[in-house]
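Peer 1: Listed below, chain by chain, are the residues.
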Amino acid sequence: MSIEPMEKIHLVALKQDKDPILKALEKCQLVDIQTFSANKEEALPLEEVGQHEFNLAEIKSTISFLDDIAELKKSFIETFVPPKEETTEEEINQTVHEFEAKKVIADCKAIESQLANLNNLKKELHSEHDKLLPWTTLNLKLSTLNNLTQTKVVLGTVKTKGLHEFQNKATALSPAASINLVNQDKNTSYLAIIFLKAEEKALTDLLTKSGWQEASLPNIERSPKEEIDNIQGLLKKAELERSEHLAAAKKLIHHTVRLKYLYDHILGLKSNQELQAKFADTNYTFVIEGWVKQKMLTEVKKRLNEVSKNVAVYKIQPAEGEKPPVALKNPGILSPFELITKIYGTPKSDEPDPTLPLSFFFALFFGLCLGDFGYGVVLGLVSIYFLKKYKLPAGGQNLFKLLLIGGGFSAIVGILTGSYFGFNPQNIPTSMLPLKHLLLSIRIIDPIKSPLVMLVFSLALGVIQILYGISIQLIHHLKQKEYVAAFLDDGLWFFFLASIVFLIVSSATGSLSHLSPIAKNMTIAGAVLLVLTQGRHKKNVIQKFLSGLLSLYKLSGYMGDTLSYSRLLALGMSSAIIGSVINILAGMVREVPIFGIILMVILLIFGHIFNLLVSTLGAFVHSIRLQMVEFFSKFFEGGGREFRPYKRVAEYTIIK
Amino acid sequence: MGLGLALSMAGVAVAVLLSGMGSAWGVAIAGEAAGGVLTEDPDKFGRLLVMIALPGTQGFYGFLGGFYIMMKIGLLTGVQPVSAMAGLQLFFAALPVGLTGFLSAIYQGKAAAAGIYLIAKRPEEMGKAIIIPAMVETYAVIGLLATILMVSGIVL
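Keeping their order, the protein sequence lines are chains P and A. Residue numbering for the first sequence follows UniProt numbering, beginning at 1 and increasing consecutively. Residue numbering for the second sequence follows UniProt numbering, beginning at 1 and increasing consecutively.
Please note that the accuracy of each hint is not assured.
[Unchecked claim] Below 27 Å or equal to it, Euclidean Cα-Cα: the simulated BS3-like pairs (lysine-lysine) are:
| id | chain 1 | residue 1 | chain 2 | residue 2 |
| --- | --- | --- | --- | --- |
| 1 | P | Lys647 | A | Lys128 |
| 2 | P | Lys348 | A | Lys121 |
| 3 | A | Lys121 | P | Lys60 |
| 4 | A | Lys128 | P | Lys401 |
| 5 | P | Lys647 | P | Lys60 |
| 6 | A | Lys44 | P | Lys389 |
| 7 | P | Lys225 | P | Lys141 |
| 8 | P | Lys520 | P | Lys544 |
| 9 | P | Lys329 | A | Lys128 |
| 10 | P | Lys348 | A | Lys128 |
| 11 | P | Lys342 | A | Lys128 |
| 12 | P | Lys295 | P | Lys309 |
| 13 | P | Lys481 | P | Lys329 |
| 14 | A | Lys121 | P | Lys647 |
| 15 | P | Lys60 | P | Lys251 |
| 16 | A | Lys44 | P | Lys60 |
| 17 | P | Lys481 | P | Lys27 |
| 18 | P | Lys73 | P | Lys27 |
| 19 | P | Lys342 | A | Lys44 |
| 20 | P | Lys295 | P | Lys18 |
| 21 | P | Lys131 | P | Lys225 |
| 22 | A | Lys44 | P | Lys84 |
| 23 | A | Lys44 | P | Lys73 |
To be clear, the hints were calculated from the coordinates, so they are not data collected in a lab.
Pulled out of the complex, with its shape left as it was, chain P reads as follows:
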């Protein structure tokens, strides 16, 4: 609704009270601490911070190692919202004092590297095994092959297709050579060739030409068969060792929680150090500079006085041109809509907060885009379930609250347009005539039968929102005492656009047609005034006139913006029609004998869930887009700095 007024403060206290004061500030979460303006640079103790970062990285990798060992399966929801450990400060402090993290980390590291070694070993053994496997029928020690004096033996493969030809050629070349087929499959033939050393050269040439692939078997005192048995023994041993290490690691899993406590503790130390670098120091005192919400100033003083008597908090003047950080202030029902504002960007400190203006339009547009009673109700129920079941962060909560509100609007739109899970009340059988009459009597339009009416309605909503946007800008300019901009820019454009709308309406409707000459004159007057005023920043008369004339071109922008709202009709129809298609298909499979009913139910459930997901995504995205592109451009820029009060940083834990 608006932006909180801020106060810039200095907080001066004794150094001996530093820890309790920081703790109090951390707890109350009210002060956005900034670097003391006179500090030239932040005196960050780099070495200590670096040490903390190193420790954090080590703990984190240990935690993720233990998580892998524990084979934790994260649910789909948990990937969005990682579950956190609830704990108390005492518990964390106790952990920090008693827990021998170094030992656990070292143990985990040792196990991890041994597991990695074993994995490598297993891979090597497997590849060795696969290499030897085709040669198992070769019943001799492999080392003997290398100790021959007169003859030489080579092992290798040729393609089975060319085997016959190769054999013929080799026998022709050297009748003494013996070619033994050791093994054969469809593609490859495994050969052991024995030949005289004297004939080596000629034979080698033939081998290269025939696509010979030499097998590189180990030079060992065992036959391939024996070696394979040996390898299998080694593999078994490695597997045994692996499971021992895994068991050892499993015994360490219960340390994960404490590692998480420790991690968050160190994270806190690090953020504390980074924070203290922002302070200014004297011999005995330190000074904190920061921002507080105006209404919270006394609260801050009260909280600090509870921990120390020697604290001074006082307001100071912000520096020239310094902009306060921005906190949005909206009543509970509107606060979920702050999500949309924040997705776009925090408002500047002197801008209007767009949250209230966009809230109704967003909800209405979402309702129109989803546009079905059943989907709206289901979406609302699902949102309530998520809000109750999961401890969501603020952003997630706001998202589901938005979906809940949007679901409500969509249910209303569904009633008014007669859409119930894509089912049209027109098709209710006559046996339930009262229900049919009831539903049809509260239906005011059937968008599928009369899309043009809905189109006009969508565009009209667009016109209203655009004019509303311009008037927000106008009011804002008035508040800022920029009267010229307020009347000549916003006021004139509002008048001009409103006249055009008036002109269109009066000429399109019979009963108002007598007003259309007035509307025409108003439009012309508006255009002339715009041409006369919009070039007022230019220097000479010709430039003034030309740039005034050119400003009318902005009209095409407004037209484009308005047409963009036609998506409301298109998306609304798409969810309704896909829903009805699912129903029609379900009606068709019902004819299937025996399984018909089951198939129908499955199709209905999955079809509608699917359509609900897709349509909700579309409704959400496009309703936001209309706010950001078509609406915000009229009055809102964003780009302020968000108010971020100092609070506890933690990744794994929540203090109860």
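Following the hints, put chain A in place on chain P, whose structure we already have.
Peer 2: Relative to the frame of chain P, chain A by itself:
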């Protein structure tokens, strides 16, 4: 009557085919990008799934446009006589959703891939990453709208 019906069927086919192809293409582009990101951080699966789904809507718009034509000629309830000229009109009416769907889905896939890289580095900016590809989709929505309005204006 035969030719008119055939032409309107061609219209249905064009609407569904083109936009469906575009969506498949676009989803694949986004999916490839997401696969790369997931090798580094599998926990982002849920977030990225939304991004991958974004270019998939065009396929539905095309189906919708096609379905609208089917309803117009009563294909599911009892085929009505369609003159050759009306069939040709229906065919042309199918083009906006088919072609805008085809091209915009591919380009939306690219924009979604860019958004996926954005999420990879700054997961907290997911809202912005979703909005950018949605800008591309606008023109498919307009195409669908044109098709629907054209179809509803045609006299069989």
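Peer 1: Now, for every hint given, state plainly whether the structure supports it.
Peer 2: Verification of the supplied hints:
Taking the CA atoms of P:Lys647 and A:Lys128, the gap is about 26 Å. The hint holds against a cut of 27 Å. With a CA separation close to 26 Å, the supplied pair P:Lys348 and A:Lys121 stays within the 27 Å bound. A threshold of 27 Å between alpha carbons decides the hint, and for A:Lys121 with P:Lys60 the separation of about 19 Å falls inside it, so the pair holds. In summary, the hint linking A:Lys128 to P:Lys401 is supported, as the alpha carbons are separated by about 19 Å, within the 27 Å threshold.
Between P:Lys647 and P:Lys60, the direct Cα distance comes to roughly 22 Å. Compliance with the 27 Å bound is thereby established for this hinted pair. Restraint check: the Cα-Cα separation between A:Lys44 and P:Lys389 comes to about 22 Å, which is no more than 27 Å; the hinted pair holds. Using a Cα cut-off of 27 Å, the hinted pair P:Lys225 and P:Lys141 holds, with the two alpha carbons roughly 10 Å apart. For the given pair, P:Lys520 sits about 25 Å from P:Lys544 by alpha-carbon distance, which is consistent with the 27 Å threshold.
For the hint pairing P:Lys329 with A:Lys128, the CA-to-CA distance comes to about 23 Å; that is within 27 Å, so the pair holds. Note on P:Lys348 and A:Lys128: the hinted pairing holds, with a Cα-Cα distance of about 18 Å set against a maximum of 27 Å. This hinted pair checks out: P:Lys342 and A:Lys128 have alpha carbons roughly 10 Å apart, not beyond 27 Å. For the given pair, P:Lys295 sits about 22 Å from P:Lys309 by alpha-carbon distance, which is consistent with the 27 Å threshold.
Taking the CA atoms of P:Lys481 and P:Lys329, the gap is near 23 Å; set against the 27 Å cutoff, the hint holds. Distance check on the hinted pair: A:Lys121 and P:Lys647 sit about 24 Å apart at the alpha-carbon level, within 27 Å; holds. This hinted pair checks out: P:Lys60 and P:Lys251 have alpha carbons roughly 18 Å apart, not beyond 27 Å. Proximity of A:Lys44 to P:Lys60 is assessed by CA-CA distance (about 18 Å); at most 27 Å being required, the pair is judged to hold.
Only pairs whose Cα atoms come within 27 Å are accepted, and P:Lys481 paired with P:Lys27 is rejected, the gap being roughly 41 Å. In summary, the hint linking P:Lys73 to P:Lys27 is not supported, as the alpha carbons are separated by about 34 Å, beyond the 27 Å threshold. Distance hint between P:Lys342 and A:Lys44 is fulfilled; the C-alpha atoms sit about 22 Å from each other, no more than 27 Å. Only pairs whose Cα atoms come within 27 Å are accepted, and P:Lys295 paired with P:Lys18 is accepted, the gap being roughly 25 Å.
Between P:Lys131 and P:Lys225 the CA atoms are separated by roughly 12 Å; this keeps the pair inside 27 Å, and the hint holds. Note on A:Lys44 and P:Lys84: the hinted pairing holds, with a Cα-Cα distance of about 18 Å set against a maximum of 27 Å. Note on A:Lys44 and P:Lys73: the hinted pairing holds, with a Cα-Cα distance of about 14 Å set against a maximum of 27 Å.
Of the numbered hints given earlier, the model fails hints 17 and 18; all others are met.
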